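A.B. asks: For the sequence shown, the working numbering gives the first residue as 608, with consecutive numbering after it.
Please keep in mind that the hints were generated in silico from the structure rather than gathered at the bench.
Heads up, some of the hints might be wrong.
Unchecked claim - Heads up, simulated SDA-like pairs for lysine to any residue below, C-alpha to C-alpha not over 20 Å straight-line:
(1) K737 - P748
(2) K815 - Q775
(3) K750 - T806
(4) K610 - D795
(5) K750 - N782
(6) K610 - E826
(7) K750 - N810
(8) K610 - V621
(9) K750 - E804
(10) K815 - Q783
(11) K815 - R733
(12) K750 - R777
(13) K815 - G736
(14) K738 - N810
(15) K643 - D702
(16) K643 - F670
(17) K610 - R767
(18) K610 - N765
(19) K815 - I753
(20) K610 - P825
(21) K643 - Y632
Model, not experiment: these values are computed from the prediction.
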Amino acid sequence: MVKIFIWIFTLVGVLLLSMAGYIGYSAYSLEGEGVKTTGTIIALNGTHPVVRFVTGEGERVTFESSLGSSSYTKQLGQDIDVVYRPDAPQQAEIDDFISQYLVSIIPGIIGLIFTLTGLIPAFIIRYRGKKKIRLLQQGRPVKALITDVDVNRTIKINGRSPFRISCQWRNTLTNQHYIFTSENIYFDPRPYIEQQEITVYINGENIKDYYVDVRFLPERV
Numbered sequence: 608m609v610k611i612f613i614w615i616f617t618l619v620g621v622l623l624l625s626m627a628g629y630i631g632y633s634a635y636s637l638e639g640e641g642v643k644t645t646g647t648i649i650a651l652n653g654t655h656p657v658v659r660f661v662t663g664e665g666e667r668v669t670f671e672s673s674l675g676s677s678s679y680t681k682q683l684g685q686d687i688d689v690v691y692r693p694d695a696p697q698q699a700e701i702d703d704f705i706s707q708y709l710v711s712i713i714p715g716i717i718g719l720i721f722t723l724t725g726l727i728p729a730f731i732i733r734y735r736g737k738k739k740i741r742l743l744q745q746g747r748p749v750k751a752l753i754t755d756v757d758v759n760r761t762i763k764i765n766g767r768s769p770f771r772i773s774c775q776w777r778n779t780l781t782n783q784h785y786i787f788t789s790e791n792i793y794f795d796p797r798p799y800i801e802q803q804e805i806t807v808y809i810n811g812e813n814i815k816d817y818y819v820d821v822r823f824l825p826e827r828v
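Let's have the full structure, built from the sequences with the hints guiding it.
C.D. replies: Below you can see the structure in the form of structure tokens.
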């Protein structure tokens, strides 16, 4: 379930970033290759200004700006800077940064948020997966007493929060007690816990580096 959400967020983010990149490149191309002139706001379609201008060849062109704003209501009948493609005058836009690039900035920001929302958890899962393999191969196994099964309310996916198993281990050499917490478990593990102890693999040089072995649980429920 978590991986599905990660892929969905990442895919949506990449699509939005691609769309933003295409729109931004088109605006940049229009700015660099277009012809600049002066047009007149002749009407409003909602908050979108309808602009008319005359090309260098004398052709009258009317277009509707892709950006709408209530401020244009005060500019009705006034002149405004315009940029258009010489080979396709209908592809025109009001010649200012906001009008040309805002329509690419907004999906770009949203796309970046979606992409990071997908990629960051993916990197975390990948890191934890490598850590798990390393500790299972090289870590020192100890038996810890299960003390609690709680709900991790800091995470909520599809309206549900995962469970975690907490356990305690006493280092007999130093008489220190350590609390370990398992990875997130996306079903209630309590019916499958048949013993009071659970195996924890620890890094002998850094006990904070550990893995609570929950491989006894079923893959899916």
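A.B. asks: Go through the numbered hints given earlier and state which of them the structure violates, listing their numbers in rising order.
C.D. replies: none
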